[in-house]
Amino acid sequence: MALDTDARSLESELEDSGHARRAQAGGAAARLGAWVKQPGPLLGGPLMLFLALGFVGPLLLVAAFSLIPPKTFDLSGGWTTQNYVDIVTESYWISFAWSFGLAAVTVVCLLAVCYPLAYAMTKVFGRAASLLTLLLVIPLFVSENIRLFGWVLSLVKGGVLPGAADLWLGIDISGLLYTVPAIVLGLVYVYLPFMLFPMVLGLSMVPDRLREAAIDLGASRWQLFREVELPLAMPGILIGCLLTFILALGSLAESKILGGSVVVMIADDIESAFTFAQNWPKGAALSVLLMVLAGGLIFAVLSRLDLDKILGRG
Amino acid sequence: MSAMSTSRPMKWLLAVWIGTVLVFLYLPMAAIALASFSRQRYFRFPIPRFDTRWYEDAFTSLSVRDLLWTSLTVAAIVTVISVVLAFLGALAFARYDWKGRSVYQKLLLLPIFFPQAVLGLALLLWYSALGIPTSWMTAVFAHLVWILPIATLVISIQVYGFNPAWEEAARDLGASRWQVFREVTLPILWPGIFSGALFSFLLSWGNFPLSLFTTGADSTIPEWLYSKMVSGYTPLVPTLGTLTVVGAALLLLGAYTVIMLVRRSRQARATAEG
Chain A
1101 MALDTDARSL
1111 ESELEDSGHA
1121 RRAQAGGAAA
1131 RLGAWVKQPG
1141 PLLGGPLMLF
1151 LALGFVGPLL
1161 LVAAFSLIPP
1171 KTFDLSGGWT
1181 TQNYVDIVTE
1191 SYWISFAWSF
1201 GLAAVTVVCL
1211 LAVCYPLAYA
1221 MTKVFGRAAS
1231 LLTLLLVIPL
1241 FVSENIRLFG
1251 WVLSLVKGGV
1261 LPGAADLWLG
1271 IDISGLLYTV
1281 PAIVLGLVYV
1291 YLPFMLFPMV
1301 LGLSMVPDRL
1311 REAAIDLGAS
1321 RWQLFREVEL
1331 PLAMPGILIG
1341 CLLTFILALG
1351 SLAESKILGG
1361 SVVVMIADDI
1371 ESAFTFAQNW
1381 PKGAALSVLL
1391 MVLAGGLIFA
1401 VLSRLDLDKI
1411 LGRG
Chain B
18 MSAMSTSRPM
28 KWLLAVWIGT
38 VLVFLYLPMA
48 AIALASFSRQ
58 RYFRFPIPRF
68 DTRWYEDAFT
78 SLSVRDLLWT
88 SLTVAAIVTV
98 ISVVLAFLGA
108 LAFARYDWKG
118 RSVYQKLLLL
128 PIFFPQAVLG
138 LALLLWYSAL
148 GIPTSWMTAV
158 FAHLVWILPI
168 ATLVISIQVY
178 GFNPAWEEAA
188 RDLGASRWQV
198 FREVTLPILW
208 PGIFSGALFS
218 FLLSWGNFPL
228 SLFTTGADST
238 IPEWLYSKMV
248 SGYTPLVPTL
258 GTLTVVGAAL
268 LLLGAYTVIM
278 LVRRSRQARA
288 TAEG
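Listed in order, the protein sequences are those of chains A and B.
Position one of the first sequence corresponds to residue 1101 (our numbering), numbered consecutively onward.
Position one of the second sequence corresponds to residue 18 (our numbering), numbered consecutively onward.
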């Protein structure tokens, strides 16, 4: 672990030699060689190599597949943009619209649900925070479809909630399952931790002293929220929104299990293009569109954030 | 101290809200547990008769044993590989300053944000193009693509709190590199590595969208449950579902206890020495 001092001496060596031999050929290669020998690239190397093979490679392949003729299965048949033309002219915009709409509604619901929760965890019930965190984390590790199936049992006709409502209140609420609100419920349910924990991280970046000072200076509860807490917690909240929006955008199980077939979301279209319809190029093109839209959003938000500051609380 | 700006009714409201959210989170699991104890083949609430025969079926079934074995093998291998790579990756993420680090940090986060179902399909395409037959081993690889970045992030949070001066001090006192690593770096980063391992295991254990497309003829528990939910419901679905929930909860509670015990014994040692 003496790597960092080695790297420092290497860097200074590099600087010296860089001044002396800037004009020489091979300088770039030497710099690359020295860069690779730093602890950062050395330690992160295996991980990057893995992700190049397991993430970048497959995505490039999907991009290539999106440009071959429809319903073909190899890359030797020439290139075409036919799949994209098909997508635009057919009614796929409906599934895109549903996905974006449902994702937006999910994010709004999660903001309302999670903010008081995150606030309570960081600023009010500090002592119980670790137990609360544990209780909130456990569901995350239970397979998503098992939990959604639990909602099916809860909402289905004769299930827990309609059964209880009928038994104790005498009202009939048997039509809950297989509706759009049921899908939103599932999305909010599954992605709750992904909003909550970034938010907790963000709110814990608000120093208590600053809040006290604001109150001493006569700030109202609303002013405290708007002028102090919200701006300082914003990076965490933004990450939470981004994370849940993207995850909801690409979700598959919620609309399938809780929505029956009332709504087709985009991941559903992609899956059926790959499996049922055996039209890989179209599935690939739909994936590329989803990736581009999601990727643009991710980069737009991430480029505004300083990860060191959020994670290291520095 | 920090509670000073919160009034009493506000506190009550927040407590009620926490309770509501917890009920919301655990209601579906309670429903599954209820269904698993119902004697009926099809679930109705209130439950007319309770029975544990589905558990007997689950414990004696050979196919359940196969599923369990596949899920465990995948999760265990994922955990081992992920801890090693993510530990190194986290040092590069948070410990060292180097050119290109901020790009590295952001690229590493991309797979986490990526829709898993689409990632699973992309990997299926990738395997078929490379001529690799899909089995539980390709599922291990697929899980790692998604879990490695998460484990790296989890360990990084611990690494951010690490002071490099401690390593330097140990080296100045004559420790070898290996000694510094074993006696200083590892013990301090241990809680992060531990939670990284826990996350890796549990996320692989519960993963469905990636497994769905990458296990080939093999099947993990979440996959099997899904196929039975969609067609051919059997009461083994809630039974096996309950067992996986209980398993995950026990593992987490066990880990939580271990962390608490270690922390307490460290504190005791520190006060005894100080």
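No lab work stands behind these hints: they were computed from the structure.
Just so it is clear, the structure is predicted and the values come from calculations on it, not from any experiment.
Where a beta carbon is used, it is the ideal one built from N, C-alpha and C, also for glycine.
Hints may be right or wrong, so weigh each one.
[Stated by the list, open to error] Listing some non-contacts, in silico: residues in chain A with all C-beta distances to chain B over 10 angstroms:
(1) P1146
(2) T1189
(3) Y1192
(4) G1201
(5) L1232
(6) L1236
(7) P1239
(8) P1262
(9) V1284
(10) L1317
(11) W1322
(12) L1342
(13) L1352
(14) F1374
(15) L1390
[Unchecked claim] Residues from chain A that face chain B, not an exhaustive set, calculated with beta carbons under 8 angstroms:
(16) P1158
(17) I1194
(18) W1198
(19) L1402
Hint check:
no.	hint	verdict
1	P1146	violated (5 angstroms)
2	T1189	holds (22 angstroms)
3	Y1192	holds (15 angstroms)
4	G1201	holds (16 angstroms)
5	L1232	violated (7 angstroms)
6	L1236	violated (7 angstroms)
7	P1239	violated (5 angstroms)
8	P1262	violated (8 angstroms)
9	V1284	holds (13 angstroms)
10	L1317	holds (13 angstroms)
11	W1322	holds (13 angstroms)
12	L1342	violated (7 angstroms)
13	L1352	violated (4 angstroms)
14	F1374	violated (5 angstroms)
15	L1390	violated (6 angstroms)
16	P1158	holds (4 angstroms)
17	I1194	violated (18 angstroms)
18	W1198	violated (15 angstroms)
19	L1402	holds (5 angstroms)
Against the hints set out earlier in the document, violations occur for numbers 1, 5, 6, 7, 8, 12, 13, 14, 15, 17, 18.
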